[in-house]
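Asker: Could you put the whole structure together from the sequences, leaning on the hints where they help?
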Amino acid sequence: KNQVEQSPQSLIILEGKNCTLQCNYTVSPFSNLRWYKQDTGRGPVSLTIMTFSENTKSNGRYTATLDADTKQSSLHITASQLSDSASYICVVNPLLSGGYNKLIFGAGTRLAVHP
Amino acid sequence: GAGVSQSPRYKVAKRGQDVALRCDPISGHVSLFWYQQALGQGPEFLTYFQNEAQLDKSGLPSDRFFAERPEGSVSTLKIQRTQQEDSAVYLCASSLALGGLAKNIQYFGAGTRLSVL
Numbered sequence: 001k002n003q004v005e006q007s008p009q010s011l012i013i014l015e016g017k018n019c020t021l022q023c024n025y026t027v028s029p030f031s032n033l034r035w036y037k038q039d040t041g042r043g044p045v046s047l048t049i050m051t052f053s054e055n056t057k058s059n060g061r062y063t064a065t066l067d068a069d070t071k072q073s074s075l076h077i078t079a080s081q082l083s084d085s086a087s088y089i090c091v092v093n094p095l096l097s098g099g100y101n102k103l104i105f106g107a108g109t110r111l112a113v114h115p
Numbered sequence: 116g117a118g119v120s121q122s123p124r125y126k127v128a129k130r131g132q133d134v135a136l137r138c139d140p141i142s143g144h145v146s147l148f149w150y151q152q153a154l155g156q157g158p159e160f161l162t163y164f165q166n167e168a169q170l171d172k173s174g175l176p177s178d179r180f181f182a183e184r185p186e187g188s189v190s191t192l193k194i195q196r197t198q199q200e201d202s203a204v205y206l207c208a209s210s211l212a213l214g215g216l217a218k219n220i221q222y223f224g225a226g227t228r229l230s231v232l
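As you go down the protein sequences, you meet chains A and B in turn.
Each residue of the first sequence is one higher than the one before, starting from 1 at the first, in this note's numbering.
Each residue of the second sequence is one higher than the one before, starting from 116 at the first, in this note's numbering.
Hints are computed from structural coordinates only; laboratory data are not their basis.
Some hints here could point you the wrong way.
To give an idea of the interface, some chain A residues facing chain B are shown, with a C-beta separation under 7 angstroms as derived from the structure [claimed, not checked]:
(1) 46
(2) 86
(3) 89
(4) 108
Quick caveat: nothing in here was measured; it's all calculated off a predicted structure.
We treat Cβ as the ideally placed atom computed from N, Cα and C, and that holds for glycine.
Answerer: Laid out in structure tokens, this is it:
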């Protein structure tokens with residue numbers, strides 16, 4: 001069973017519209033939760049990082065929320081642009097005694113923004 | 116360079132061939148990670164280096180997979196006797212500090228797309 005599940009699997013929206021992507025995780029305990037953007041043929045790029053004590057983090061038009069009680073996170077994109085077309089991946093960093101960041105990735109939501 | 120560099124970008128191998136994938140991390144980055152990303156899936160952890168020490172190789176799928184980072188900078192992922200199920204994108208990431216810091220960001224390369232025929 002995936003420890004990080006994302007929905008929807010894919011999404012099409014019109015340019016200028018808002019959208020919200022969902023992430024449910026079972027990883028526990030965890031150190032932090034991250035959202036990454038991955039353009040086709042590129043490596044993932046970090047958008048936001050939230051520790052378990054934070055419940056919201058913004059990066060320009062991207063706003064991530066975290067509810068550690070329900071183990072849910074969301075990524076809200078405001079006023080979408082064509083360049084937002086990409087996969088958005090929810091990533092959980094478990095709290096490990098080894099101390100390094102052994103990230104657990106969701107399968108991603110593939111977003112297509114159409115003009 | 117300014118970012119993590121991986122080569123080659125694309126590799127086609129016949130089943131049974133050995134391949135070597137290279138990763139040049141950001142200069143000065145202590146931590147280096149290898150991931151495997153199947154089509155339509157998120158990356159999955161393969162192995163972790165702290166400088167030249169391979170501290171975790173629990174994600175390597177089989178003993179055909181081998182990684183090294185002999186001088187604590189460039190790393191090579193080697194796959195022996197490739198199989199069709201090895202076809203995937205192999206991503207390398209590096210981070211500046213040692214692990215355990217909440218805001219320790221991993222910077223990814225563009226990956227090597229391996230196709231085994």
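Asker: Hold the hint about residue 108 of chain A up to the distance rule: shortest CB distance to chain B must be less than 7 angstroms.
Answerer: 6 angstroms, holds
Asker: Hold the hint about residue 86 of chain A up to the distance rule: shortest CB distance to chain B must be less than 7 angstroms.
Answerer: 13 angstroms, violated
Asker: For the hint on residue 46 of chain A, just tell me whether its beta-carbon gets within less than 7 angstroms of chain B.
Answerer: Since the shortest Cβ distance to chain B is 5 angstroms, the answer is holds.
Asker: Does residue 89 of chain A hold up as a contact with chain B if the rule is Cβ-Cβ below 7 angstroms?
Answerer: 5 angstroms, holds
Consistency with the previously given hints fails for number 2 only.
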